[in-house]
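Please build the complex by placing chain B on the supplied structure of chain A, with the hints as guidance.
In case you want the letters, here they are:
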Amino acid sequence: MNTGEINKATEDRSGKRRATSNGLMKSWLALREHPLTIVGLAIVSAFAVVGILAPLVIPYPEDIGSSVHLEQSLQQPNQEHPFGTDDMGRDILSRVAYGGRFSLSAGLLVVLLSSILGTPLGAIAGYYGGKIDTAIMGIADLFMGTPHLVLALAIAAVLGPSHTNAAIALSIPWWPTYTRLVRGQALVIRSSGFVEAAKSMGASGKYIIFRHILPNCVQLIITQSTLQMGSAILGIASLGFIGMGAQPPTPEWGLMVSLGRAYVTSYWWYVTFPGLAIFIVVMGFNFIGDGLRDIFDLKLR
Amino acid sequence: MKLPVYVLKRLTTVIPMLLGVSALVFFISHVLPGDPAAMIAGTGATYEQIAAIRIELGLDKPLYEQYLAYMRRLILEFDLGRSIYSHRPVVSDLLDYLPATFELVTVSMIVTVSVGILLGSMSATRKDGVVDHFSRTLASAGLAMPAFWLGLLLQILIAHRLGILPVTGRIDATVLMKYPITRITGIYLLDTLVTGNWIAFRSSVLHIAMPAIVLSFSSLSHVTRFVRTSLLEVLNDDYVRALKSYGLSERIVVYKHALRNAIIPTLTIVGLRYSYLLGGVFVIEKVFDWPGLGLYGLSSFIYLDFPSILGVTLVFALLRIILNLLVDLSYFFVDPRVRV
Numbered sequence: 001m002n003t004g005e006i007n008k009a010t011e012d013r014s015g016k017r018r019a020t021s022n023g024l025m026k027s028w029l030a031l032r033e034h035p036l037t038i039v040g041l042a043i044v045s046a047f048a049v050v051g052i053l054a055p056l057v058i059p060y061p062e063d064i065g066s067s068v069h070l071e072q073s074l075q076q077p078n079q080e081h082p083f084g085t086d087d088m089g090r091d092i093l094s095r096v097a098y099g100g101r102f103s104l105s106a107g108l109l110v111v112l113l114s115s116i117l118g119t120p121l122g123a124i125a126g127y128y129g130g131k132i133d134t135a136i137m138g139i140a141d142l143f144m145g146t147p148h149l150v151l152a153l154a155i156a157a158v159l160g161p162s163h164t165n166a167a168i169a170l171s172i173p174w175w176p177t178y179t180r181l182v183r184g185q186a187l188v189i190r191s192s193g194f195v196e197a198a199k200s201m202g203a204s205g206k207y208i209i210f211r212h213i214l215p216n217c218v219q220l221i222i223t224q225s226t227l228q229m230g231s232a233i234l235g236i237a238s239l240g241f242i243g244m245g246a247q248p249p250t251p252e253w254g255l256m257v258s259l260g261r262a263y264v265t266s267y268w269w270y271v272t273f274p275g276l277a278i279f280i281v282v283m284g285f286n287f288i289g290d291g292l293r294d295i296f297d298l299k300l301r
Numbered sequence: 302m303k304l305p306v307y308v309l310k311r312l313t314t315v316i317p318m319l320l321g322v323s324a325l326v327f328f329i330s331h332v333l334p335g336d337p338a339a340m341i342a343g344t345g346a347t348y349e350q351i352a353a354i355r356i357e358l359g360l361d362k363p364l365y366e367q368y369l370a371y372m373r374r375l376i377l378e379f380d381l382g383r384s385i386y387s388h389r390p391v392v393s394d395l396l397d398y399l400p401a402t403f404e405l406v407t408v409s410m411i412v413t414v415s416v417g418i419l420l421g422s423m424s425a426t427r428k429d430g431v432v433d434h435f436s437r438t439l440a441s442a443g444l445a446m447p448a449f450w451l452g453l454l455l456q457i458l459i460a461h462r463l464g465i466l467p468v469t470g471r472i473d474a475t476v477l478m479k480y481p482i483t484r485i486t487g488i489y490l491l492d493t494l495v496t497g498n499w500i501a502f503r504s505s506v507l508h509i510a511m512p513a514i515v516l517s518f519s520s521l522s523h524v525t526r527f528v529r530t531s532l533l534e535v536l537n538d539d540y541v542r543a544l545k546s547y548g549l550s551e552r553i554v555v556y557k558h559a560l561r562n563a564i565i566p567t568l569t570i571v572g573l574r575y576s577y578l579l580g581g582v583f584v585i586e587k588v589f590d591w592p593g594l595g596l597y598g599l600s601s602f603i604y605l606d607f608p609s610i611l612g613v614t615l616v617f618a619l620l621r622i623i624l625n626l627l628v629d630l631s632y633f634f635v636d637p638r639v640r641v
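The listed protein sequences correspond, in order, to chains A and B. Note that the numbering used here numbers the first sequence so that position 232 is 232, with each residue one more than the last. Note that the numbering used here numbers the second sequence so that position 97 is 398, with each residue one more than the last.
Don't read these hints as lab results, they were simulated from the structure. Mixed in with the good hints, there may be bad ones.
To be verified - Taking lysine to aspartate or glutamate and the DMTMM-like style, the derived pairs with C-alpha atoms no more than 25 Å apart in a straight line are:
1) B/LYS587 to B/GLU378
2) B/LYS428 to A/ASP297
3) B/LYS428 to A/GLU33
4) A/LYS26 to A/ASP294
5) A/LYS206 to A/ASP290
6) B/LYS362 to B/GLU378
7) B/LYS428 to B/GLU551
8) B/LYS428 to B/ASP539
9) B/LYS557 to B/ASP538
10) B/LYS587 to A/ASP87
11) B/LYS303 to B/ASP629
12) B/LYS479 to B/ASP397
13) B/LYS310 to A/ASP141
14) B/LYS428 to B/ASP538
15) B/LYS428 to A/ASP87
16) B/LYS587 to B/ASP473
17) B/LYS557 to B/ASP473
18) B/LYS310 to A/ASP87
19) B/LYS428 to A/ASP290
20) B/LYS310 to B/ASP636
21) B/LYS557 to B/ASP429
Treat the numbers as computed from the prediction; the structure is a model and nothing was measured.
Just chain A, with the same shape it has in the complex (with noise of 0.2 Å):
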């Protein structure tokens, strides 16, 4: 790489900061720069919106259910079953279609708990210090060292498998990551003159976490929750894969493809359609979550 390069690469970033600095308007022409961005957001209000109406769209509403059809078993991608069929005859596209209710929103639900639960913790520990801190990180490090899937594993075994408790079992382990994350930040906030001026006027902790580190914290949180979508539609569908997610005949796309295993010598449609849905929607969040790091220009982990 020649210098002429580098100086355009830093010119680059130096542009994105004051782009950042000047609010929402200039973040979304910062967006239009990352083509890659678009796509993911094209994708994923895609599949959004066809989840959310997914019983006036779809083209068989009543095969999201246990409805069995044995005539039409199995028959490959034909015009009037795009997608093929499965063994009990239910047309694949129509099921994939309203799965994306299920891992959308399940993906959400894992985001949101971890996030809640995360968030505070970290902007406490980090703002307070001393042992305080020291308490959170334990127990945060503790998580942090048990094996995620493990982990996530056992509690849904507990709760008792079904696809709501898959989203429940997963946050538990993940919200370290958003202490850790919102920690950090609020460290670099504490010494910062804001928040000495504040201070000197005798605000409050609470009121400093909640009008300074919080928001300070929001471009991070976004960002990292993003990122986390793709991995909680990912862990969510390989709950429902291994049994311990959403229960037949839910259509939820993890355990679609487990259902297709047992057909996978001669009946390919079966596990390829729903799995190429859960790489589509992962794909489209992580181009979203890559798009956000390099626009707010953060360092995550």
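Just chain B now, kept in the frame of chain A:
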């Protein structure tokens, strides 16, 4: 700092970590709803039968007493209780299933690290070249692809259609009958290699190839990306430019000097990825019918077999901690600054 001091210092953090993890899982599995006694007794059991089982397992005592008793037995007698499902001591179950998982995870780790460093450094040295685009696409795909799906697609393509590799299992059953494996470590690749059992070795290699590649895929993406970024950073450093201006060949500059510095931060990532690989084991072992801790753990989770759940969790936590320790130790050898 001397090496033994360093190891000791790290070891002192390992023990509280293990204690904490075991307590965490112990309390989660006992506080949340779900009654192991009722599970063991089965659906037709009377209330008295369930109560009797509860007393037999010590479930009627306060939680902290149960935990202390559990840890006492573990430390003094190396006893983790009896599995509710298999009716065998959990320790012997774990010892039976651990080698298969260890073998799978280690082979995946070797694939991850070697291919990741290779691809990462190739794309960093030829930024925006063909290899760079290929490996970046591969990396984005790897991060989004559900492992179980990739496994099934490879099974359809490579095993069923092309017939190159076996679909599932750890070794061919007829091979195992004709050429039995002497159990030394329980790791097939190692045992067959040591005893010179080439036919069984070949069968094991063929069987482990697909699951190991699938398991390593997402971690491979992380390592490749990371090596690429850190190597690109290092390649801009003054000392690299100085070496180049001395007329050293690019190969020597990159692979002997720059890569060495780029690998130090990568080691941390490798340690982190190991725990993801361990988590991936549950899914991969199910897809490939790999008879390891993942499959064993799954059945114990499904049957709420608390003694084995705890055992499996402890083994996974232990493996993770040991690996982190090894990563820290490797810093000691790769990065002389740690020794100061």
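Now the hints, each set against the structure:
1. B/LYS587 to B/GLU378: Cα-Cα ~32 Å, so violated.
2. B/LYS428 to A/ASP297: holds (21 Å)
3. B/LYS428 to A/GLU33: holds (21 Å)
4. A/LYS26 to A/ASP294: Answer holds: A/LYS26 to A/ASP294 is near 14 Å, not above 25 Å.
5. A/LYS206 to A/ASP290: Since the Cα atoms of A/LYS206 and A/ASP290 sit roughly 32 Å apart, the hinted pair is violated (cutoff 25 Å).
6. B/LYS362 to B/GLU378: Given pair B/LYS362, B/GLU378 holds - Cα atoms ~21 Å apart, limit 25 Å.
7. B/LYS428 to B/GLU551: With a Cα-Cα distance of about 14 Å, the restraint between B/LYS428 and B/GLU551 holds, given a limit of 25 Å.
8. B/LYS428 to B/ASP539: holds (19 Å)
9. B/LYS557 to B/ASP538: holds (15 Å)
10. B/LYS587 to A/ASP87: This hinted pair holds, its Cα atoms lying about 21 Å apart.
11. B/LYS303 to B/ASP629: The given pair, whose Cα atoms are some 14 Å apart, holds under the 25 Å limit.
12. B/LYS479 to B/ASP397: holds (22 Å)
13. B/LYS310 to A/ASP141: Satisfied, since the Cα-Cα distance of roughly 18 Å is no more than 25 Å.
14. B/LYS428 to B/ASP538: With a Cα-Cα distance of about 16 Å, the restraint between B/LYS428 and B/ASP538 holds, given a limit of 25 Å.
15. B/LYS428 to A/ASP87: violated (48 Å)
16. B/LYS587 to B/ASP473: holds (18 Å)
17. B/LYS557 to B/ASP473: violated (42 Å)
18. B/LYS310 to A/ASP87: violated (58 Å)
19. B/LYS428 to A/ASP290: holds (19 Å)
20. B/LYS310 to B/ASP636: OK: B/LYS310 and B/ASP636 at ~18 Å, within 25 Å.
21. B/LYS557 to B/ASP429: It holds: about 23 Å lies between the C-alpha atoms, which stays within 25 Å.
Hints 1, 5, 15, 17 and 18 from the list above are not met by this structure, while the remaining hints are.
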